[in-house]
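Working from the sequences, and respecting the hints, build out all of it.
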Amino acid sequence: MGAFLRDPSVLVEWLRALLMSWGLSAGLTELVLYLLGGFALATGPMLWVIFLIWFERKAVARFQDRLGPNRVGKFGLLQPFADVLKLMTKEDIIPEGADKPLYWAAPILSVAGVLLLWPAIPLGLGIGGNLNVGVLYLIAAGTLGIFAILLAGWSSNNKYALLAAFRTVAQLVSYEVPMVLVLLLPVLLARSLNLQDIVQAQDVWFVVYVPLAALIFLIVSIAEVGRTPFDLLEAESEIIAGFHIEYSGMKFAMFFAGEFLHAFTIGILTAVFFLGGWRGPGADIYPVLGILYLWLKGFLVYFVVVWIRATHPRIRIDHMLNFSWKFLTPLALTLVTVGAVLDKVVVGWGVWPRALAHLASNVVVALVTLQLVRAWARRLPRPKVGEPRPVARPQPQTQPQPASGD
Amino acid sequence: MNGTQWAFIGVFFVLALLFPALPIVLGHFMGPRRPNPIKNDVYECGLKTYGTPWVPFKVQFYLFALVFLIFDVELVFLYPWAVAYGVLPMFAVFEGILFILMLAAALVYAWKREALDWYEPTMPEATD
Numbered sequence: 000m001g002a003f004l005r006d007p008s009v010l011v012e013w014l015r016a017l018l019m020s021w022g023l024s025a026g027l028t029e030l031v032l033y034l035l036g037g038f039a040l041a042t043g044p045m046l047w048v049i050f051l052i053w054f055e056r057k058a059v060a061r062f063q064d065r066l067g068p069n070r071v072g073k074f075g076l077l078q079p080f081a082d083v084l085k086l087m088t089k090e091d092i093i094p095e096g097a098d099k100p101l102y103w104a105a106p107i108l109s110v111a112g113v114l115l116l117w118p119a120i121p122l123g124l125g126i127g128g129n130l131n132v133g134v135l136y137l138i139a140a141g142t143l144g145i146f147a148i149l150l151a152g153w154s155s156n157n158k159y160a161l162l163a164a165f166r167t168v169a170q171l172v173s174y175e176v177p178m179v180l181v182l183l184l185p186v187l188l189a190r191s192l193n194l195q196d197i198v199q200a201q202d203v204w205f206v207v208y209v210p211l212a213a214l215i216f217l218i219v220s221i222a223e224v225g226r227t228p229f230d231l232l233e234a235e236s237e238i239i240a241g242f243h244i245e246y247s248g249m250k251f252a253m254f255f256a257g258e259f260l261h262a263f264t265i266g267i268l269t270a271v272f273f274l275g276g277w278r279g280p281g282a283d284i285y286p287v288l289g290i291l292y293l294w295l296k297g298f299l300v301y302f303v304v305v306w307i308r309a310t311h312p313r314i315r316i317d318h319m320l321n322f323s324w325k326f327l328t329p330l331a332l333t334l335v336t337v338g339a340v341l342d343k344v345v346v347g348w349g350v351w352p353r354a355l356a357h358l359a360s361n362v363v364v365a366l367v368t369l370q371l372v373r374a375w376a377r378r379l380p381r382p383k384v385g386e387p388r389p390v391a392r393p394q395p396q397t398q399p400q401p402a403s404g405d
Numbered sequence: 000m001n002g003t004q005w006a007f008i009g010v011f012f013v014l015a016l017l018f019p020a021l022p023i024v025l026g027h028f029m030g031p032r033r034p035n036p037i038k039n040d041v042y043e044c045g046l047k048t049y050g051t052p053w054v055p056f057k058v059q060f061y062l063f064a065l066v067f068l069i070f071d072v073e074l075v076f077l078y079p080w081a082v083a084y085g086v087l088p089m090f091a092v093f094e095g096i097l098f099i100l101m102l103a104a105a106l107v108y109a110w111k112r113e114a115l116d117w118y119e120p121t122m123p124e125a126t127d
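Listed in order, the protein sequences are those of chains A and B. Position 72, counted from 1, in the first sequence is what numbering that gives the first Met the number 0 calls 71; the numbers after and before it change by one each time, with no gaps. Position 27, counted from 1, in the second sequence is what numbering that gives the first Met the number 0 calls 26; the numbers after and before it change by one each time, with no gaps.
Keep in mind the hints are simulated off the structure, nothing from the lab. Note that the structure is a prediction, hence the values are computed from the model and not measured. Hints should not be assumed to be uniformly reliable.
What follows is a list of derived Cβ distance ranges for each label pair [as the list claims (entries may be wrong)]:
id	chain 1	residue 1	chain 2	residue 2	range
1	B	Val75	A	Phe50	32 to 38 Å
2	A	Leu379	B	Ala91	25 to 31 Å
3	B	Ala114	A	Val350	52 to 58 Å
4	B	Phe76	A	Ser20	47 to 53 Å
5	A	Leu17	B	Gly85	42 to 48 Å
6	A	Lys383	B	Leu62	32 to 38 Å
A virtual CB, placed ideally from N, CA and C, is assigned to each residue, including glycine.
Next up, the structure:
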């Protein structure tokens, strides 16, 4: 047990020896090990989603001064299981004229796209992802979830769903740019695309170096998931339910599982890039502890995401696009430029001075940005005090209406 | 080491597809199946959908997609630069920054040409 805590790879070695002793060939043993590892890596998040559904319903309920689920099981903890059973036995309606293969593929992809992010994530020292192009892999795999929404919108044979697909594409396309830009900063500070190296480089968390970049990353990630300030793709009051309007039963449930899991995954990713990943007291000696730290940090960010969801109203599509192209993208470009110049100067200064220099540059950029936004806001037309407010009433007729024929 | 990582991702990809597919197929067979023309009809606010739902989309989406495409392709070029940052001389760093400034110039250009503005279709003014 102690050996396992110190070095989890003994478990793999033990399994490999066990399988070999059963007479399996080396190649087959590797395959079985991959399958087992894959099952563990996929089952963990999928089971966790069940808890997340309960947690989010409960948390949002408390934000809205309600009780939330509290009937099924202690604190309503068994509510998600009841929901799954109910959704399982619901009729699977396929709308007339739907593009069937794509209609089936969409909910599967929405979960698979999120699960695919997990192999790249370093869960602890020597556990989990160790890809040399980890960041690029994350950016590539991260867009699959949105692809699922596009497929769902297209294949449902419904105008509302298609509108949602349009909006999704516009949103993804706009928020991908600041995300790719902002992820340059952790890569630049760690000098590696490998997520394990990025975590290792965070003797001081990168959120201390570049808090603005962390904030932008969080905002952009929320937009990529399509959560509440950016949930134009499922705006109930405008396009009914958007892309999943025609989905029922388990397919509908999969969209939601995908969304919740994605929200938690961006929490984990924020933790990996900016909050030190699995690092914490004792995580170097007992790598299994690292999983716990990563989970806690990820959950904390996830809670902030839920908090934002419960606090902010939905934004309009032109505001959404403007916010990305005219605010986040220039800001991210500035941050990368400043970070690149500064790091050459301060690289020899030691850990904390370097971090504080970056922090200072971020504070300056933030203040300048605030001033610019303030100056811009001052130039906006605004009604003077005492001026009559515009009232929505029909314009007074200047000429008498000509008598109509009927 | 890396070859095995990619092999693992290959295996995991199949698993990631199977995990959501299984409950969906299960649900498909567990649920009742009593289709009727009205139930299977496409959802619309009270009346039948008029025409095909696959309508032409607003050309503005296409503009955003173009700007995005240029940006994203160019940004990926910055990643090798960021990885090699530690061994780069100051000169190369400024070259990278020049590249970023060119991107910024493209953004300013698109901004000034109003490619980033969202136009609402203007209704004809109500005339008396």
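Please check whether Val75/B and Phe50/A have a Cβ separation lying inside 32 to 38 Å. holds (36 Å)
State, for the Cβ atoms of Lys383/A and Leu62/B, whether the hinted interval 32 to 38 Å holds or is violated. holds (37 Å)
Could you tell me whether the CB distance from Phe76/B to Ser20/A stays inside 47 to 53 Å? Roughly 50 Å apart at Cβ, these two residues keep to the hinted range, so it holds.
Does the Cβ-Cβ separation between Leu379/A and Ala91/B fall within 25 to 31 Å? Violated: the Cβ-Cβ distance is about 42 Å, outside 25 to 31 Å.
Tell me if the beta carbons of Ala114/B and Val350/A are separated by a distance inside 52 to 58 Å. violated (43 Å)
Leu17/A versus Gly85/B beta-carbon gap, inside 42 to 48 Å or not: holds (43 Å)
In summary, the numbered hints that this structure violates are 2, 3.
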